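K.L.:
As a plain string of letters, each chain reads:
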Amino acid sequence: MNYWPLLGIAVVVAGFALRLNPMLVVVTAGFASGFAAGLGLPELLALIGKAFISARAPLLIVLTLPVIGLLEHAGLREHAQRWIARMAYMSLSLLLICYMGLRQALGALGLTSIGGPAQTVRPLIAPMAEAAARKTQPDLANAQRERIRALAAATDNVGLFFGEDIFIAFGAVLLIQGFYASNGIVLEPLSIALWAIPTALAAFLIHAIRIVVFQYGLKRPETGP
Amino acid sequence: MIQLHHVWWLAAAVLAAATFFDLRARRWGNALFWGILAAVFAGGDAILVQDAAGNHLPTQLVGVAVVVMALLAGTGGVQRAAPGPDETARREASAQRLGHRLFVPALMIPAVTTVLFLLAPFLVVGAWRLLPAENATVPALALGCCVALLVALYTTRSRPQQALAESSRLLDQLSWAIVLPMLLAALGRVFEHTGVGAAVASLIEMTIPTDSKLACTLAYGLGMIVFTMIMGNAFAAFPVMTAGIGLPLLIRQHGGDPAVIGALGMLTGYCGTLLTPMAANFNIVPAVLLELKDSYGVIRAQAVTAALLACVNILLMYLLAFR
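These protein sequence lines map, in sequence, to chains R and S.
Mind the numbering: the first sequence is residues 1 to 225 in the numbering used here, read in order.
Mind the numbering: the second sequence is residues 1 to 323 in the numbering used here, read in order.
No lab work stands behind these hints, which were simulated from the structure alone.
Just so you know, these numbers come straight off a predicted model, no measurement behind them.
A virtual CB, placed ideally from N, CA and C, is assigned to each residue, including glycine.
Be aware that a few hints might be false.
[Said to hold, decoys possible] In silico DSS-like pairs for lysine-lysine, Cα to Cα no more than 27 Å straight-line:
id, chain 1, residue 1, chain 2, residue 2
1, R, Lys135, S, Lys293
2, R, Lys135, R, Lys219
3, S, Lys293, R, Lys219
[As the list claims (entries may be wrong)] Chain R regions said to be covered by chain S (calculated; three or more residues, Cβ under 8 Å):
id, stretch
4, 3-15
5, 19-28
6, 31-44
7, 132-139
8, 149-157
9, 181-190
10, 195-201
Isolated chain R (complex conformation) (with noise of 0.2 Å):
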């Protein structure tokens, strides 16, 4: 067993601890790996090349920005937040619990680009999450409300990792099938799909429970100098 096409690991780790541009790292990498396996230039050019053309679905998201770009152009996104912003009612849990819901239905839609740090989380749902967490704890302290901010980042992640799963167009489910279709084992999108549900589920109560335990968490007196 030659364990040198290793190296291309040790490549990646080292290029994304020095913050080196990504791309480099990764194109690095298969070289390290190509070359500790005893490949010449010309086959690891056509390897690395086949790879690239064999692994296009995952842009295929291309195809969504003409219409979201023109929404965008016609207000989508003020839209939203004006619409949003109108149920200014919510506690930070239930807030965060909705978002979080809406984020995962809508990611099972394959609708992921409505949401993100840019797009909601910094405009939207932080701002919203600190003026519903003063309702209960009207002198919050600047490390609470940052901790605040930094569990609307998680809550935006969680949302959307385990929801984009559900959508059978995702580049995750189109990955899975054509890893295994490579193998000579075929499978329809929608039966990979399917197994998604549970963990959507389980993600959905685990952090929900965690962001009511936070909220209760916020009354309580801060502890310490």
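Fit chain S to the given chain R structure using the hints.
P.N.:
Just chain S now, kept in the frame of chain R:
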């Protein structure tokens, strides 16, 4: 009938539009980057046919193109688009006028895709089928996007050029980051081909009793988490870990259900994504955007959820895969 290669051509057209707009704005690096990608998408199937026929020159040229793209991204040759003039007031007015109608085209992409996919077996006239019998999802998605675009153009009373200008604007904002998942998937295949998966699997085989279903499931789940944390992306970890442990041990040796193992393996990897600074776009960028002092604040906020959910996932995999 709509074939997969029509879908790649459609994607190539969107990328070619970005090339055109960047050429016009004299952003040469961006234009070259999108131009290369458009060519790979448009010519991809023909290149694969040549490769299968024994002519490896076109695939080698794609390999060179990938290196050029990485160098362009790594040396700052691909610029993120500068924000245009402030259009908030105009967008506010437009939002006021159009209201909830703005949601309709956005919702049509998933709705049309799902309906077409479910109806695919019935959209047949004699020997003619609208969608191919195998792999109907991707052509259905492409048709869904086209229908949604027509509705969006009608709703917003815009011209088609406007839609391509907007998609080019978004592409320049997302920049090379949009290609990273594709490149990581390719790296996974290179790792697979050069025996990285086999090396990892043999290291694991030395340490786990392979005749125990539970030990194999645990090794696969924990392996997905650790490898995802290293790579910063579950997409890259999935082919390596599944080729190393999932396929030979869980599926072939123990007869596990591949759909369950694939879906839950990927989702267990996602728990690793929640825990690693390598997944910068999910964990570090939001911390910067939200002006947190602790750049690992987002990871800290989601760590407990990730750990508990990973346990649930591994348990679910064990219970559901070997029904």
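K.L.:
Any of the earlier hints contradicted here, and which numbers?
P.N.:
7
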